[in-house]
Amino acid sequence: MKNKIIAVVVSVFLVLPLLFVPGIARAEVPVPTNFEAYGYGNYINIQWEYPSSAKKKNLTFEVFEYNSGTKKWTSLGEIPNLQASIQNASPGKHVYKVRAKYEGTGIMPTVYSKFSNEDPGYMLSKPTGLKVSISKFTSPFAKGSPGVTIKWDSITDQWATHVGIYRKKTGENDFHLIGKPKKSSKSFIDITAQSNTEYAYGILLMRKETGKKSDYSPLEEQNGTILTYPDPPKNFKAVGKGNDVVLTWNRQANCDNIAVYEKTSSGILGWKLVKQMSNMVVKLTIKNKTPGKYTYLVAAFNKSGNSPNAPTQTAYVLKKPTGVKAEGYSAQEIRIRYNTPDTNANKIKIYWSTDNKKFSLIGSISTSSSFIKVTGLEPDTKRYFKISFTRGENESPLSDVVSAKTKAEITVPNAPSNFTAILSNSNTVILKWKDNANNERGFIVERKTKNGNYEKIATLYTETCNMMYTDSSVQPGTTYYYRAKAFNEKGNSDYSNEVSITTKSQATKRIEIKLQPDNEMMLVNGAQQEIDPGRGTKPVIIPKWGRTVVPIRAIVEALGGTIEWDGVARKVTIKFNGNIIELWIDNPKARVNGQPKWIDENNHDVKPIIVNSRTMLPLRFVTENLGCNVDWDPKTRTITITYPAS
Numbered sequence: 044m045k046n047k048i049i050a051v052v053v054s055v056f057l058v059l060p061l062l063f064v065p066g067i068a069r070a071e072v073p074v075p076t077n078f079e080a081y082g083y084g085n086y087i088n089i090q091w092e093y094p095s096s097a098k099k100k101n102l103t104f105e106v107f108e109y110n111s112g113t114k115k116w117t118s119l120g121e122i123p124n125l126q127a128s129i130q131n132a133s134p135g136k137h138v139y140k141v142r143a144k145y146e147g148t149g150i151m152p153t154v155y156s157k158f159s160n161e162d163p164g165y166m167l168s169k170p171t172g173l174k175v176s177i178s179k180f181t182s183p184f185a186k187g188s189p190g191v192t193i194k195w196d197s198i199t200d201q202w203a204t205h206v207g208i209y210r211k212k213t214g215e216n217d218f219h220l221i222g223k224p225k226k227s228s229k230s231f232i233d234i235t236a237q238s239n240t241e242y243a244y245g246i247l248l249m250r251k252e253t254g255k256k257s258d259y260s261p262l263e264e265q266n267g268t269i270l271t272y273p274d275p276p277k278n279f280k281a282v283g284k285g286n287d288v289v290l291t292w293n294r295q296a297n298c299d300n301i302a303v304y305e306k307t308s309s310g311i312l313g314w315k316l317v318k319q320m321s322n323m324v325v326k327l328t329i330k331n332k333t334p335g336k337y338t339y340l341v342a343a344f345n346k347s348g349n350s351p352n353a354p355t356q357t358a359y360v361l362k363k364p365t366g367v368k369a370e371g372y373s374a375q376e377i378r379i380r381y382n383t384p385d386t387n388a389n390k391i392k393i394y395w396s397t398d399n400k401k402f403s404l405i406g407s408i409s410t411s412s413s414f415i416k417v418t419g420l421e422p423d424t425k426r427y428f429k430i431s432f433t434r435g436e437n438e439s440p441l442s443d444v445v446s447a448k449t450k451a452e453i454t455v456p457n458a459p460s461n462f463t464a465i466l467s468n469s470n471t472v473i474l475k476w477k478d479n480a481n482n483e484r485g486f487i488v489e490r491k492t493k494n495g496n497y498e499k500i501a502t503l504y505t506e507t508c509n510m511m512y513t514d515s516s517v518q519p520g521t522t523y524y525y526r527a528k529a530f531n532e533k534g535n536s537d538y539s540n541e542v543s544i545t546t547k548s549q550a551t552k553r554i555e556i557k558l559q560p561d562n563e564m565m566l567v568n569g570a571q572q573e574i575d576p577g578r579g580t581k582p583v584i585i586p587k588w589g590r591t592v593v594p595i596r597a598i599v600e601a602l603g604g605t606i607e608w609d610g611v612a613r614k615v616t617i618k619f620n621g622n623i624i625e626l627w628i629d630n631p632k633a634r635v636n637g638q639p640k641w642i643d644e645n646n647h648d649v650k651p652i653i654v655n656s657r658t659m660l661p662l663r664f665v666t667e668n669l670g671c672n673v674d675w676d677p678k679t680r681t682i683t684i685t686y687p688a689s
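Under my numbering, the very last position in the sequence shown is 689; numbers go up by exactly one each time.
Note that these hints are calculated values from the structure, not bench results.
For clarity, every value in this text was computed on a predicted model and none was experimentally measured.
Glycine included, each C-beta is placed from N, C-alpha and C at the ideal position.
Treat the hints with caution; some may be incorrect.
[Claimed, not checked] Computed beta-carbon distance windows for the label pairs:
id, residue 1, residue 2, range
1, W675, I652, 18 to 28 Å
2, P422, Y504, 15 to 25 Å
3, K277, K136, 53 to 63 Å
4, N382, E498, 35 to 45 Å
5, N382, T418, 19 to 29 Å
6, N672, S460, 44 to 54 Å
7, N672, T418, 53 to 63 Å
8, I465, E555, 32 to 42 Å
9, V611, N646, 26 to 36 Å
10, K416, V611, 27 to 37 Å
[To be verified] Derived lysine-lysine pairs resembling BS3-like cross-links, with alpha carbons at most 25 Å apart:
id, residue 1, residue 2
11, K362, K330
12, K491, K528
13, K225, K211
14, K392, K330
15, K401, K448
16, K362, K336
17, K140, K256
18, K392, K368
19, K499, K618
20, K587, K614
21, K226, K251
22, K169, K256
23, K194, K225
24, K416, K401
25, K362, K416
26, K330, K277
27, K326, K284
Take these sequences, add in the hints, and give me the full structure.
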């Protein structure tokens, strides 16, 4: 059948003045350039370029096709445009070229240009055997993404290089290219397919050549649509409620049924099907589970298969609390005790009632607590209680009901008596007393030295103190005074009798410390050591005071004392041989054994300061109040501290 040229109008040509004159030479007719041929479906399209200044009303273009059998060029006809489609070309390679023709009028002859470049177009065969199917997941435990498998017959067309894979959603008009496997391929897996979506697929053959458009065969479409897997149910939760496990999820579109599985052991085979239900169901209660940890999976499925990577959730069925007892501890407090909690629980919820009928949640505590304190109650009032063990939203069955009554209104406890102090061989003081009350919470023990004020040294609770306390923080050769009082929610009792005791003296060792301003080292009984180990801090003379300040810790410890720092109060406390010195940063007054004292009677500017983030204390004030001599040698600029003072 003779090929037919279908002209394609691509633009409106401008009518320009005639460029030719009588006697025009053929070589002067412009040649069509950038001629290009390419196959597209059942057509071979050709197109070229021509100078706009040379376009005339009497201009046409003659298209030629090469016949490989006769090895001759055959004219297919003339068209006035720069583009055409050749219909009914046989499959295979077709080579074309074009030339311009100016139709003569009057005395002007018909003139032809030279031929354009030659270019082949390929009429590719339509692929066959297209089949589309889901890469079906038969198990909800499978891993992967939804996949659609496209298969076709082997490609025998010698001119094709690739297969074009096209896809469109239901409702879309146009196919979209999603892949270009080589023609040696016979299948393609679409892993970009979305769940709950219907698709149609098509394939065609392609030939890609550098520097020109691709050739395409006719499109082969798949009949019908493909439904991909449903998504896994969303917002899946598993919660232990009493002896049951309650599973909930959101309804999933485009699925036929829901299946629930329970983990029984490791691996894919370690799951058992609990129940299969309609996709309308969004909740399942599994009754009477024994206490323990349970893992569940819920999957949606339709005719394509199960939803892969179905979500898992863990639920805990917790043991019911046992051994629950309540007792009135005071006029405002009831305490609840219980046996060891379930090891999977981490909280305890407390419910109460005034009438043993309507219970409400009043709070929760950690399972690490040894008992529950319910405070702020009225005296002589009965309450009913239930407790449960919890872990997140998982909650055990409620315990049996227990009740207790707060104690009647309390009064201030009676004071302890027969307060005694005994000095042990280890130079510690053992204190004992008689308890004269039945409503006290505990006891407060206080201590002072001869010239000091009483300070609290211990708060003891009745159930643990056994009316005895050991004071191990005493200094040798010091007289201490002690007293105690009982306390409860109402207040404190009167004080017990006062007792005193003197600790054993230790043999006094002479200590000599030498240091110099601007020297980070000091000598302690001839041995050299750092004043502020690891920091290089040095004694400093403050010129406007005429006083030396030092980082005092190493000096105090060399004497055998202790030093404490309170960062909130910015306070230093020094203790040595029964003496207590308290100093505050930027405060010219200190306290010595409880008595306020100027650091320098003659210069009230002298005070503790911070230099380069180090606390610096006036050296002479501290050491002299600890019982030392302080001497200054102006020739050697040496400070000598001697203990004990001579």
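Hints and how they fare:
Between W675 and I652 the Cβ separation comes to about 20 Å, which falls inside the hinted range of 18 to 28 Å. Evaluation of the 15 to 25 Å hint for P422 and Y504 yields a pass: the beta carbon distance comes to about 21 Å. The hint said 53 to 63 Å for the Cβ distance between K277 and K136, and at roughly 55 Å that hint holds. Judged by the Cβ atoms, the range 35 to 45 Å given for N382 and E498 holds: they are separated by roughly 42 Å.
Checked against the hint of 19 to 29 Å, the C-beta distance between N382 and T418 comes to roughly 23 Å, which is consistent with it. Evaluation of the 44 to 54 Å hint for N672 and S460 yields a pass: the beta carbon distance comes to about 46 Å. A beta carbon spacing of about 57 Å between N672 and T418 agrees with the range 53 to 63 Å that was offered as a hint. The hint said 32 to 42 Å for the Cβ distance between I465 and E555, and at roughly 37 Å that hint holds.
Distance hint for V611 and N646: a CB-CB separation of about 28 Å, consistent with the stated range 26 to 36 Å. For the pair K416 and V611, the supplied restraint of 27 to 37 Å holds, since their beta-carbon distance comes to about 29 Å. Our distance criterion of 25 Å between C-alpha atoms is met by K362 and K330, whose separation comes to about 15 Å. In summary, the hint linking K491 to K528 is supported, as the alpha carbons are separated by about 15 Å, within the 25 Å threshold.
For a cut-off of 25 Å, the pair hint linking K225 to K211 stands: about 21 Å separates their Cα positions. About 22 Å separates the Cα atoms of K392 and K330, which keeps this hinted pair within 25 Å; it holds. Of the pairs offered as hints, the one joining K401 and K448 holds, with about 18 Å between alpha carbons and a cut-off of 25 Å not exceeded. A distance of roughly 11 Å separates the Cα atoms of K362 and K336; the hinted pair therefore holds under the 25 Å criterion.
For the suggested pair K140 and K256, the alpha carbons sit about 17 Å apart, so the restraint of at most 25 Å is met. For the suggested pair K392 and K368, the alpha carbons sit about 15 Å apart, so the restraint of at most 25 Å is met. A threshold of 25 Å between alpha carbons decides the hint, and for K499 with K618 the separation of about 16 Å falls inside it, so the pair holds. Restraint check for K587 and K614: the C-alpha separation of about 24 Å stays at or below 25 Å, so the hint holds.
A distance of roughly 12 Å separates the Cα atoms of K226 and K251; the hinted pair therefore holds under the 25 Å criterion. Simply put, K169 and K256 have alpha-carbon atoms about 19 Å apart, close enough for the 25 Å limit, and the pair holds. The suggested pairing of K194 with K225 holds, with an alpha-carbon distance near 13 Å, which does not exceed 25 Å. Distance check on the hinted pair: K416 and K401 sit about 21 Å apart at the alpha-carbon level, within 25 Å; holds.
Restraint check for K362 and K416: satisfied, since their Cα atoms lie roughly 22 Å apart, inside the 25 Å limit. For the given pair, K330 sits about 23 Å from K277 by alpha-carbon distance, which is consistent with the 25 Å threshold. Restraint check for K326 and K284: the C-alpha separation of about 14 Å stays at or below 25 Å, so the hint holds.
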